[in-house]
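Undergrad: Mind docking chains V, Y, G, S, X and A on chain B? Use the hints.
Chains as they are written, first to last, in full-length UniProt numbering: chain B, 1 to 95; chain V, 1 to 95; chain Y, 1 to 95; chain G, 1 to 95; chain S, 1 to 95; chain X, 1 to 95; chain A, 1 to 95.
If you're looking for bench data, these hints aren't it; they were derived computationally from the structure. Among these hints, one or two may not hold up.
[To be verified] Per label pair, the in silico range of CB-to-CB distance:
hint : chain 1 : residue 1 : chain 2 : residue 2 : range
1    : X       : R13       : A       : K86       : 21 to 29 Å
2    : B       : R14       : V       : T76       : 37 to 45 Å
3    : G       : G62       : V       : R14       : 29 to 37 Å
4    : X       : W70       : V       : M1        : 54 to 62 Å
5    : B       : E81       : G       : A56       : 55 to 63 Å
6    : Y       : L94       : V       : R14       : 15 to 23 Å
7    : V       : D53       : Y       : R64       : 43 to 51 Å
8    : G       : E74       : B       : G52       : 16 to 24 Å
9    : X       : A95       : S       : K86       : 18 to 26 Å
10   : X       : G52       : Y       : D51       : 19 to 27 Å
11   : X       : D50       : S       : K86       : 16 to 24 Å
This one's a predicted model, so the numbers in the text were calculated from it and none came from an experiment. Virtual Cβ for every residue (Gly too), placed ideally from N, Cα, C.
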Amino acid sequence: MAFTPLHDRVLVRRVESEEKTKGGLIIPDSAKEKPAEGLVVAVGAGAKDDDGDRIAMDVKAGDRILFGKWSGTEITIDGEELLIMKESDIMGILA
Amino acid sequence: MAFTPLHDRVLVRRVESEEKTKGGLIIPDSAKEKPAEGLVVAVGAGAKDDDGDRIAMDVKAGDRILFGKWSGTEITIDGEELLIMKESDIMGILA
Amino acid sequence: MAFTPLHDRVLVRRVESEEKTKGGLIIPDSAKEKPAEGLVVAVGAGAKDDDGDRIAMDVKAGDRILFGKWSGTEITIDGEELLIMKESDIMGILA
Amino acid sequence: MAFTPLHDRVLVRRVESEEKTKGGLIIPDSAKEKPAEGLVVAVGAGAKDDDGDRIAMDVKAGDRILFGKWSGTEITIDGEELLIMKESDIMGILA
Amino acid sequence: MAFTPLHDRVLVRRVESEEKTKGGLIIPDSAKEKPAEGLVVAVGAGAKDDDGDRIAMDVKAGDRILFGKWSGTEITIDGEELLIMKESDIMGILA
Amino acid sequence: MAFTPLHDRVLVRRVESEEKTKGGLIIPDSAKEKPAEGLVVAVGAGAKDDDGDRIAMDVKAGDRILFGKWSGTEITIDGEELLIMKESDIMGILA
Amino acid sequence: MAFTPLHDRVLVRRVESEEKTKGGLIIPDSAKEKPAEGLVVAVGAGAKDDDGDRIAMDVKAGDRILFGKWSGTEITIDGEELLIMKESDIMGILA
Chain B
1 MAFTPLHDRV LVRRVESEEK TKGGLIIPDS AKEKPAEGLV VAVGAGAKDD
51 DGDRIAMDVK AGDRILFGKW SGTEITIDGE ELLIMKESDI MGILA
Chain V
1 MAFTPLHDRV LVRRVESEEK TKGGLIIPDS AKEKPAEGLV VAVGAGAKDD
51 DGDRIAMDVK AGDRILFGKW SGTEITIDGE ELLIMKESDI MGILA
Chain Y
1 MAFTPLHDRV LVRRVESEEK TKGGLIIPDS AKEKPAEGLV VAVGAGAKDD
51 DGDRIAMDVK AGDRILFGKW SGTEITIDGE ELLIMKESDI MGILA
Chain G
1 MAFTPLHDRV LVRRVESEEK TKGGLIIPDS AKEKPAEGLV VAVGAGAKDD
51 DGDRIAMDVK AGDRILFGKW SGTEITIDGE ELLIMKESDI MGILA
Chain S
1 MAFTPLHDRV LVRRVESEEK TKGGLIIPDS AKEKPAEGLV VAVGAGAKDD
51 DGDRIAMDVK AGDRILFGKW SGTEITIDGE ELLIMKESDI MGILA
Chain X
1 MAFTPLHDRV LVRRVESEEK TKGGLIIPDS AKEKPAEGLV VAVGAGAKDD
51 DGDRIAMDVK AGDRILFGKW SGTEITIDGE ELLIMKESDI MGILA
Chain A
1 MAFTPLHDRV LVRRVESEEK TKGGLIIPDS AKEKPAEGLV VAVGAGAKDD
51 DGDRIAMDVK AGDRILFGKW SGTEITIDGE ELLIMKESDI MGILA
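Okay, chain B solo, but in the shape it has when bound (with noise of 0.2 Å):
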């Protein structure tokens, strides 16, 4: 089953920041507020313009990102828990 988020939306698949899975261990994490990290799963066509024109997407799917850690709202799709949150949530990309 696929999804095709609306608009200036991002489907995200969440991903765990290596630090803390390192060696398996649970580190007790003291900055709960740092962003989040993600993998870009889908995104919409864009949001219009006020001339109703598309404003083109900057992250595409495949693009590793940081968002704000209560960004986005949760979403099940074909039992995968995945997040759809609008491109203004996500922070940056990582390369």
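TA: Only chains V, Y, G, S, X and A this time, still in chain B's reference frame:
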């Protein structure tokens, strides 16, 4: 009796998501904030931009959509419970 | 006495929805938040866009509409109770 | 002494609605939120749009109008109590 | 010392309204919310619109105006108490 | 060390108003809400309008200005206490 | 690992201001509300205006900046604590 939504409004029939109805069991739902699933029944002609031109709608009748659980206003047409919401309340299209 | 709504305002006569009046019975209404039904009596010439041009109205006198239950301001014209509301308070047209 | 309202402001003389004054009786008013009736005394030259052009006014001196009961600011010109309000506070024109 | 208001600001000298000063009597003022009267001393060059162009001012030095009683900021120029306010705080021009 | 304000920001050196410093006396100040006086030290290149074009600044380095008493953020450059504020916080230019 | 800020975001390395570190002494800081100092590490491609065109950034990698003390979100890249903020949170450039 037909209903034509005004501007960028969408008429939606709520559909039960599959995981809840499989086998007829009512599965306790721990994730109440997840988006709801629906079927687009009718769409408005689109909002107007700053120059008074229509902005085309991105959803059409028949689309299977996800929308915010608390979005929209309940409405009864010919005895059937439907929802009127704005297109911006729709998160994406399932296919 | 005639009343011409200004800008994007609409003059509406509230009509009782059918399910309530069938058989003369007053059915206890459990869904008080549902939209109300009305008949458009008169419409304004339309709001003006950023350039001062009129934005044409999408409803016209005679349209049967649904509107938010708490929308509009009550007004008495020739002894009849009517409502003045903005077109944006109207959810759609019944036909 | 003349008063010229600025921008999209309107100078209004409040008039008592007929149902209250018939027969000189003071009828207890159960619908205090209903709009008030007035006569337009003078209108401004119009607000300016985003390009600095005037937006023409929809009411003119002499119009009999309905306006929100709590709209406007009281002002005394030559001993007479008048109201200054914005055109957007005016709901429509009686004729 | 001269003062040139910036943008759409207006420098105003407060004037006592006539009904208060006739005969030198201080008449108890029951209508404290009424607008105050003033004389325009200097006007700014005008705000800039979305394209950076000036929007011409509607008042000029010498105009006798009414303004909201609590509008503006007090300022002392050469020992005289004046007010700086935005043109939008001015309700109209007395003539 | 030089400081270049960004966008429509202005770097301001606070100056004591004359009436306070004459004769070295500290006059109790009953009108604390009056605007403060300052000298423009540096100005930004201007904000950008909706099309991304610069909007020229109305103040320049050297201007003697009045600004809202509580406007701006304190900043220390080379040991000197200065203020960074937006041009819109400046009420006008003294000359 | 590189990080590319999205839109008008800026990646900033916080630097201790000189007056605090001279001689290794921790000087009690009475002016906690003063802006903080930082070094621009990377900048986004710029926000998009109403027509979808990029608005060029005014800061570039390497700029020494002042920003609001509480601006931005903390982020750890390769073990280093950095900040992501919007360009509008930056007050100016030190040179």
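Undergrad: All the hints need checking, so say for each whether the structure fits it.
TA: Here is what the structure says about each hint:
For R13 of chain X paired with K86 of chain A, a C-beta distance near 28 Å keeps the hint of 21 to 29 Å intact. Checking the proposed 37 to 45 Å range against R14 of chain B and T76 of chain V shows it holds: the Cβ atoms sit about 39 Å from each other. A beta carbon spacing of about 53 Å between G62 of chain G and R14 of chain V contradicts the range 29 to 37 Å that was offered as a hint. Distance hint for W70 of chain X and M1 of chain V: a CB-CB separation of about 60 Å, consistent with the stated range 54 to 62 Å.
Distance hint for E81 of chain B and A56 of chain G: a CB-CB separation of about 56 Å, consistent with the stated range 55 to 63 Å. A hinted range of 15 to 23 Å for the beta carbons of L94 of chain Y and R14 of chain V is consistent with their spacing of about 20 Å. Here the CB-CB span from D53 of chain V to R64 of chain Y is close to 27 Å, at odds with the stated 43 to 51 Å. For the pair E74 of chain G and G52 of chain B, the beta carbons lie near 45 Å from each other, so the given range of 16 to 24 Å is not met.
Taking the beta carbon of each, A95 of chain X and K86 of chain S are about 21 Å apart, inside 18 to 26 Å as hinted. Against the hinted window of 19 to 27 Å, the Cβ-Cβ separation of G52 of chain X and D51 of chain Y comes to about 21 Å, which satisfies the hint. Taking 16 to 24 Å as the suggested C-beta distance range, the pair D50 of chain X and K86 of chain S conforms, at roughly 22 Å.
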